[in-house]
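Peer 1: Take a look at the letters that make up each chain.
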Amino acid sequence: MAELQFREALRAAMTEEMERDENVYLIGEEVAEYDGAYKVSQGMLDQFGPKRIIDTPISESGFAGLSIGAAMMGLRPIVEFMTWNFTFVAFDQIVSNAAKVRYMSGGQASIPIVFRGGNGAAGQLGATHSNSVEALYSNVPGLKIIAPSNPDDAKGLLKSAIRDDNPVLFLESELMFGLRGEVSEAEDYTIPIGEARVAREGDDVTIVAHSKSYWLAMEAADELAKQGVEATVIDPRTIRPYPIDAVIESVKTTNRLVIVDESQPFGGIASEVGFQIQRECFDYLDAPVERVTAEDVPAPYAKNLIEAWMPSVDETIAAVKKTLYM
Amino acid sequence: MAGTSTKKKAPARKRAGSKANGTAAFTPDVPDVQIFRQSGHTHESLGLSPETVLDMYRNMLLQRRFEERAAQMYGRQKIAGFLHLYIGQEAVSTGAVWAIRDTDPIITAYRDHGLALARGMGANEGMAELFGKIDGCSRGKGGSMHFFDVEKHFYGGHGIVGGQIPVGVGMGFASKYKEDGGCSLTFFGDGAINQGAFHEAANLAALYDVPALIIVENNAYAMGTSVERSRGDAQLYKQGYPYGMKTAVIDGMDLFEVYGAFKQIADDARGEADGQTKPYFVEVQTYRYRGHSMSDPQKYRTKEEMEAKKNEDPIVRTRLYVLENDLATDEQLDQIDEDVKAEVMASVEFAEQSPLPDISTMYEDVFVGDVPRVQ
Ligand SMILES: Cc1ncc(C[n+]2csc(CCOP(=O)(O)OP(=O)(O)O)c2C)c(N)n1
Ligand SMILES: [Mg+2]
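Heads up: the protein sequence lines correspond to chains V and A, in order.
The opening residue of the first sequence carries number 573 in the working numbering; numbering runs sequentially from there.
The opening residue of the second sequence carries number 47 in the working numbering; numbering runs sequentially from there.
Among the hints, erroneous ones may be present.
What the hints assert, rightly or not - Have a look at the derived ranges for each label pair, beta carbon to beta carbon:
#1 A:Gly227 / V:Gly679: 56 to 62 Å
#2 A:Asn249 / V:Tyr675: 29 to 35 Å
#3 A:Glu410 / V:Gly621: 37 to 43 Å
#4 A:Ala117 / V:Pro713: 57 to 63 Å
#5 A:Gln399 / V:Gln614: 41 to 47 Å
#6 A:Ala117 / V:Gln799: 58 to 64 Å
#7 A:Val79 / V:Tyr675: 46 to 52 Å
#8 V:Gln619 / A:Pro401: 51 to 57 Å
#9 V:Gln619 / A:Thr348: 24 to 30 Å
#10 A:Lys284 / V:Gln614: 32 to 38 Å
#11 A:Val414 / V:Glu591: 54 to 60 Å
#12 V:Gly621 / A:Gln399: 52 to 58 Å
#13 A:Gly227 / V:Gly678: 55 to 61 Å
In case anyone wonders, no lab produced these hints; they're calculated from the structure.
Ideal Cβ positions, reconstructed from N, Cα and C, are used throughout, including at glycine.
With the hints as extra help, turn the sequences into a complete structure.
Peer 2: Quick look at the structure:
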């Protein structure tokens, strides 16, 4: 094990995969000479040169589409978006091409590509820069979506994503790039896509939360423990395919579920998980499924407003208590 | 459609296309580019009174001092998020705004403080927005990147590179539709040329003869990427040709060049002389003195380059002009600076005093009218 920042874990994953397979390249805005807008790719230009670490103009639609084409020809691109907010100008490439070409061609073509970058709100950045895109993209069949919460998962899952023969969307967070954690140094360390991690076990309630929200859930669980409430916390790590079985298993013992999800509430990840759980666990539930999400308005700038807008530890605790009729 | 002639009337300039289809020899199109650089303007030749020149000088200084103070307040964590400073580019905003009509709509990217202050937004409303307070120009909802003052025909403040360009063209389209004689001004950075939105909007503007100035503020860099490193052909002014637009290239470090150029092209775009509305592609060559945002190590450029550009400081140059032409004394200019600094300090005080937005305001302004939201 080594202690790495989240960004270093991502870099390690990309570096190892690029050393392993010469068809892997990294492309995006400021990834090469600037060392990455958030320093994820720091030093990679020196190691791999400009053929494989490729700076682009601000042309997301162009370099996303170009890389989809390259992937159809057998390359394995890693496309870095400065943040996922800027993928909306590349939406068509991701949704119409990356997700659908294989299906439309009756399985003739495949698109082994990773799209990655920071997702979700990152402080006071205002409405255009605070989107959580998992709900939007997970609505589209044909895309795998990963949203890890810690450096170890980031490394193991990014390596799996790069090796996957399908389009994979990898959601990071500007607020987590500096997060430190123990990361496996095992040779060829990969984590299978689609497996949840049970981070904490308790009998009273299940809380499921991915990416930054996972840390809220853990904090809430610690606080609840002081009040005598023991929560199971599940980090799904993957949004599509969603590891719903792990949640079902847990809810069958705790009989209560709270979903923390920074997406907006209407048609969000929480809506989908809530639906599946009421269908699969109807007889086991002792309370309606609760969710904690962003507010159903665009992200505001003012400090107090964005704090109120974001899912919080307090809201999570309140939601848990509601399921316990406390 | 066979037999129907194209609805589009003769374009503003000669096109080679039709000839190329006939028997005549192919002659390449000759681009219509006007260069506004070292024109030898004086305030008199431009019809500017000494008072107006001093007003313009004051406005540039207001932008500069406002942002210097904002940077300081960012350091004190009174301001958060991204803060992109316009310092170095003030002649563009002031020159353009003074040249056009007060009702001509303006839209720009996230580097928006300068244009907002040029358009007459108060320093108070600007600073309060940066502080995220209720008296801010966008009620504390927008922040630095999303300044708005619709009453003054300033339509933002847009965070997605290139996203505002079609919208700006649409504002000109509305003017043509309503026949109100307006002309829209759409500003964006050199990096935004690389967005599809620019190319689609430019073509529509030309196709529909929209009275719109499509203005790239070429400040040499998009974050750490120079224009040379982002374009197959780095000569941005050529980007109007493919769409059949008239083109202007302007020295954006020279207040009088900017003013003179915008006066001429805005009037031409509204069709003042020929009754024909039309778009312009405008490259304003300028320079950003500060980093891209507040955390930019600026390793992509040399100290020498920055020093050389500082000699072109539009505010210093205007000051020299004023002194050399006896439009004001040193003391008078210092007094202007003192006044501006006091105005900016007062805006900091105003922003400090202004309350945080009430949480209930978070739910306002999503729709016109009451629409239920999901809880
Ligand atoms: C579509 C999109 N991609 C990326 C970004 C991130 N970004 C913000 S500003 C910027 C550079 C823009 O440079 P330029 O257009 O030259 O404007 P300047 O900052 O020089 O005023 C980038 C890449 C964004 N906001 N939108
Ligand atoms: Mg620029």
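Peer 1: Each hint should be assessed against the structure and marked as holding or not.
Peer 2: Checked hints:
1. For glycine 227 of chain A and glycine 679 of chain V, the Cβ-Cβ distance of about 59 Å falls inside the hinted range of 56 to 62 Å, so the restraint holds.
2. In this structure the hint that asparagine 249 of chain A and tyrosine 675 of chain V lie 29 to 35 Å apart at CB holds, the actual value being about 33 Å.
3. Separated by about 53 Å at the C-beta atoms, glutamate 410 of chain A and glycine 621 of chain V break the suggested range of 37 to 43 Å.
4. For the pair alanine 117 of chain A and proline 713 of chain V, the beta carbons lie near 47 Å from each other, so the given range of 57 to 63 Å is not met.
5. In this structure the supplied range 41 to 47 Å holds for glutamine 399 of chain A paired with glutamine 614 of chain V, their Cβ-Cβ distance being about 43 Å.
6. With their beta carbons about 45 Å apart, alanine 117 of chain A and glutamine 799 of chain V fall outside the hinted range of 58 to 64 Å.
7. For the pair valine 79 of chain A and tyrosine 675 of chain V, the beta carbons lie near 48 Å from each other, so the given range of 46 to 52 Å is met.
8. For the hinted restraint 51 to 57 Å between glutamine 619 of chain V and proline 401 of chain A, the CB-CB distance of approximately 52 Å keeps it satisfied.
9. Our hint of 24 to 30 Å for glutamine 619 of chain V and threonine 348 of chain A holds, since their Cβ atoms are close to 25 Å apart.
10. Distance hint check: the CB atoms of lysine 284 of chain A and glutamine 614 of chain V are about 35 Å apart, consistent with the given range 32 to 38 Å.
11. A C-beta distance of roughly 56 Å is found between valine 414 of chain A and glutamate 591 of chain V, which places it inside the suggested range of 54 to 60 Å.
12. Between glycine 621 of chain V and glutamine 399 of chain A the beta carbon distance is about 55 Å. The supplied range of 52 to 58 Å therefore holds.
13. Our hint of 55 to 61 Å for glycine 227 of chain A and glycine 678 of chain V holds, since their Cβ atoms are close to 57 Å apart.
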